[in-house]
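Based on the hints, put chains B, C and D in the right spot on chain A.
Protein chains: 4
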Amino acid sequence: MVNSVSNMEEYILLIEGKDRPGLIFEITGIIFRFGLNIISNHEYVDPENTTFFMRSEFVGRLDEQVFLTQLRDSLNSGFQVSLRKKEKKKIIVFASREHHCLADLLIREEFDTLNAEIVCIISNFSDLASLATMFNKQYHYIAHANLTRAEHERIILEIVDQARPDYLVLAKYMRIFTAEFVNQYRGRIVNIHHSFLPAFIGREPYEQAYDRGVKMIGATAHFVNEKLDEGPIIVQEVIRINHKYTIDDMRQAGKDAEVLALHKALKYVFEDRVFISGKKTILFN
Amino acid sequence: MVNSVSNMEEYILLIEGKDRPGLIFEITGIIFRFGLNIISNHEYVDPENTTFFMRSEFVGRLDEQVFLTQLRDSLNSGFQVSLRKKEKKKIIVFASREHHCLADLLIREEFDTLNAEIVCIISNFSDLASLATMFNKQYHYIAHANLTRAEHERIILEIVDQARPDYLVLAKYMRIFTAEFVNQYRGRIVNIHHSFLPAFIGREPYEQAYDRGVKMIGATAHFVNEKLDEGPIIVQEVIRINHKYTIDDMRQAGKDAEVLALHKALKYVFEDRVFISGKKTILFN
Amino acid sequence: MVNSVSNMEEYILLIEGKDRPGLIFEITGIIFRFGLNIISNHEYVDPENTTFFMRSEFVGRLDEQVFLTQLRDSLNSGFQVSLRKKEKKKIIVFASREHHCLADLLIREEFDTLNAEIVCIISNFSDLASLATMFNKQYHYIAHANLTRAEHERIILEIVDQARPDYLVLAKYMRIFTAEFVNQYRGRIVNIHHSFLPAFIGREPYEQAYDRGVKMIGATAHFVNEKLDEGPIIVQEVIRINHKYTIDDMRQAGKDAEVLALHKALKYVFEDRVFISGKKTILFN
Amino acid sequence: MVNSVSNMEEYILLIEGKDRPGLIFEITGIIFRFGLNIISNHEYVDPENTTFFMRSEFVGRLDEQVFLTQLRDSLNSGFQVSLRKKEKKKIIVFASREHHCLADLLIREEFDTLNAEIVCIISNFSDLASLATMFNKQYHYIAHANLTRAEHERIILEIVDQARPDYLVLAKYMRIFTAEFVNQYRGRIVNIHHSFLPAFIGREPYEQAYDRGVKMIGATAHFVNEKLDEGPIIVQEVIRINHKYTIDDMRQAGKDAEVLALHKALKYVFEDRVFISGKKTILFN
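One line per chain: the protein sequences are A, B, C and D, in this order. Numbered according to this note's numbering, the first sequence spans residues 3 to 287. Numbered according to this note's numbering, the second sequence spans residues 3 to 287. Numbered according to this note's numbering, the third sequence spans residues 3 to 287. Numbered according to this note's numbering, the fourth sequence spans residues 3 to 287.
Isolated chain A (complex conformation) (with noise of 0.2 Å):
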């Protein structure tokens, strides 16, 4: 349908690059010359880097070649405009062995809450797989003992790249992947860490939570970069608790802290509204 004009859609149109005087009007000129009609519209320039950032939606009747074409001529070669219907994304979900996370994803995406179609499960662990059956879907258990980090991955890769995902969803997926993976999909793994960041990184987080005396329990959702621990953090999220809770107790106090994290995450990731910027987020709601 290359080239032909679509039915009444719901587009959103992405746009980053160097900011400079009368982007919002050039760009909204074509919108209102193509006839489309904005529905809403954010515009932000980082003052770091003065890179401009822009998320529109509109309805309308398209021709996406000719309207991406004059976008393209009219901004330059240095700006990334991506045009999206809005429309359920992809995505691969990634576990090990704790539940939390996958669960309230399944449920989400059973009662079409989600905003997003689980094509699949993939986990280092059999643990979550009778829980994927209770909802119809694959499990690939890819158990990493005896082999290398590189081999694991690949594995994984051919999964992943055949299924041609939005996103990758890392729900309690307690595996590092290397930054060549992380790099092939690059903005697109968003993952849940068991802590307020940047306090507890690494082993045993609520050991030290408790051995800290913290009066309350976070998590964060992120988006993974090479470093890990590091990606650009999307939505945080706080439990408040007190004397009384176990290591236990916090641990279920986090656990509940990132689901409520991670589905905010993905709601804002999976309606196109986040951004990122250099070590930052921006997230237009």
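It should be emphasised that the hints constitute simulated quantities derived from the structure, not laboratory data. Some hints here could point you the wrong way.
Identical copies go unnamed one by one, so any copy, or any two together, can satisfy a pair.
Said to hold, decoys possible - As a list, the in silico DSS-like pairs of lysine-lysine whose alpha-carbon atoms are at most 25 Å apart:
#1 LYS139 / LYS20
#2 LYS139 / LYS246
#3 LYS246 / LYS90
#4 LYS246 / LYS20
#5 LYS281 / LYS246
#6 LYS246 / LYS269
#7 LYS92 / LYS266
#8 LYS88 / LYS266
#9 LYS246 / LYS282
#10 LYS20 / LYS90
#11 LYS229 / LYS139
#12 LYS88 / LYS246
#13 LYS246 / LYS87
#14 LYS246 / LYS266
Below, chains B, C and D without anything else, positioned relative to chain A:
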């Protein structure tokens, strides 16, 4: 200095009117042609009444009259257009006997974090006169005893009209204004309500809340309209409580929530981030 | 096994009655003389009705009948004394058409974080039968069409009475019980309310909330009494929203708040941490 | 008035020591035999070190010496027993250049909601002297230039020792005390930390937070020990922020969180609700 070009200034442009295609393009086009540099831009169309709201922050040298004339010509008579310099608002604070909100505002003004100048304080009680004196503020004690509501308001209006404030802040002012008074300062009176509206309207809210056994105490900052407790809500805050809270403890929690809600609401209002759309507020933050 | 000494067990002792000096001393004396080891102890006297509430958690070997007899003799007939082993509660979950609370409870039971066994699900609609099936749960679909309220309840009561549950959990069960039904399970029915009580009681709460332009959406978990929406509150939760929320967005935020409030309330209830004192709850956490 | 019986008074009894069976029975027995009426009672055993903590609030006429002697005889030398009347604490507030926490405490004292008397203010800067004057408070400006840390502290200690305060409150006092100083007032120095500990310890926390792109800003009120930033945490607060926050906006959000955390912590401390157990606090609220 009519029609003369200003020095480099920071401006805020506020526009509201009936939505139509191309509005953002039109408006940003004029901003662009005047050589102004947009720092941030917010637009929103209220789906209920298809009213378009826009707030644009920009920097530049500007012949304000010419600019406004062009804008108004391009839009039409149904539009409200307001161009403001980024500067402190002038406010009058109204209080009765409770100190907490007034004291918070005085401290914030004193240390220059209020973004407003408190021109004077008006009260129907003398209790807080000494607080005003500590901060070297004029305190108009206008008792309402032996006065009709109209007479009382007439005295107040004389002071208010002469001071020409941008906003009237009711910081626990426990007296209701007439519709005439409200109309004269429509959209410019901010009140703090002792409750998480619409719950516990009316007398003795903490007795009601205690009786009902609630687990959270709230406060609501809102614009005042002619119907008491029903003006557009700007900010709501809640504080968790437990069964050990006495009515007095609840009252104190309520005060803490009121202080939070009021200064957060005023921050948005004084930065020109709040539009009123029917019974609601649009908050560009 | 009447009157025989148990193995080492974890017990929870719940006592309520008219306060008088020395109660704690009396009660802890008996606990001490039975050689039991107190792990945690909570007492509270409601100042409104001078009722004494105590929850004591201890470990030991115990002839339960002898222990209870001594306690009841030492206190008096006006006291309610209940000795429970720390074990999972048996519950029946009621639902109508909305899945979110039921699904959350099923997942928590499945992964053993609910602290309860869901004996069966009762619904006046068939919508959630497939969800029940996924979790291998019995689902009683009892349509109310063509039945009087009394007839409908009689069918339900047969199932409930036979199952002998500790609690009935109304997980978005959109039908009102009669006073007779409530009385039979008084203090043992937990409901989740679509609102931050006492606001937005009645029909179409989100339409009301949208219309009012609120900035937070709440949910209230409470015990059910004969007056709808007025039973003692256990937990309240709120979620911040903004002007961009449609009624559907508010409804989804409400559902997220409901899930949070309900499972938090149930955690306290199932751990025997909640007393009812008049129109309020005492929550020992 | 040694050994004479008091009038009807409200007392708070604080006990800590090695846990053993029957402690509550022993202690409440003595309270009972002295004819005292318990209003509230909290006990907790820290599972890490099996230390027993108890806070009992009661009313009655009491020969304090006889009561304490009986209690100490019944317990043993390893126990710390403290009997306090319910009365305002005497405090010294330390500040440097930032006003927000000091101003909040001064307002609360002025309107009698602090539950403490501010004996005087000590600062290593002169900036806040005028604030102190407004509230008619003595302000000791003790510059640290040209003084060794020991010399500086010696001057401070003279003032402090003479005033005999119950607590020292570091309300943004940006100077570290020596271990000797801390030891002398161990468990009686409360600090407000510019961060959600343990994140962003050290210099320029808001620059660090900005750089990391966090979505929440926190503050931690804690007791001071000899290791900076590592004393037992009393209260933590967070405030949500977004990508539009500049470093200055984050700093202001941080200040608002600090004010909240500090006065909440002080409320608990001044009501004798906080015990220190190793590196943590037990908070009976």
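To see whether the hints hold, each was checked on the structure:
When the C-alpha separation of LYS139 and LYS20 is checked against a cutoff of 25 Å, the pair qualifies neither within a copy, at 43 Å, nor between copies, at 48 Å. Taking identical chains as interchangeable, the C-alpha atoms of LYS139 and LYS246 are never at most 25 Å apart, the minima being 39 Å within one chain and 34 Å between chains. For the homomeric pair LYS246 and LYS90, the shortest alpha-carbon distance between copies (21 Å) is at most 25 Å, but the shortest distance inside one copy (43 Å) is not. Taking the shortest alpha-carbon separations for LYS246 and LYS20, only the inter-copy value of 18 Å comes in at or below 25 Å, while the best intra-copy value is 52 Å.
For the homomeric pair LYS281 and LYS246, the shortest alpha-carbon distance between copies (14 Å) is at most 25 Å, but the shortest distance inside one copy (37 Å) is not. For the identical chains of this complex, LYS246 and LYS269 are inter-copy neighbours only, at 15 Å across copies versus 34 Å inside a copy, given an alpha-carbon limit of 25 Å. Taking the shortest Cα distances, LYS92 and LYS266 sit within 25 Å of each other inside one copy (17 Å), while across copies they are farther apart (32 Å). Only within a single protomer do LYS88 and LYS266 lie at most 25 Å apart by alpha-carbon distance; the minimum there is 18 Å, versus 34 Å between protomers.
In the homo-oligomer, the alpha carbons of LYS246 and LYS282 lie at most 25 Å apart only across protomers (11 Å), although the nearest pairing inside one protomer, at 35 Å, exceeds that limit. Proximity of LYS20 and LYS90 under a CA criterion of 25 Å is satisfied in neither setting, with 30 Å inside one chain copy and 32 Å between copies. For a Cα distance limit of 25 Å, the shortest separation of LYS229 from LYS139 qualifies neither inside one copy, at 31 Å, nor across copies, at 44 Å. When the C-alpha separation of LYS88 and LYS246 is checked against a cutoff of 25 Å, the pair qualifies only between copies, where the shortest distance is 17 Å, while the shortest distance within a copy is 46 Å.
Only between protomers do LYS246 and LYS87 lie at most 25 Å apart by alpha-carbon distance; the minimum there is 20 Å, versus 49 Å within a single protomer. Taking the shortest alpha-carbon separations for LYS246 and LYS266, only the inter-copy value of 16 Å comes in at or below 25 Å, while the best intra-copy value is 29 Å.
When the structure is compared with the earlier hints, violations turn up for hints 1, 2, 10, 11 and for no others.
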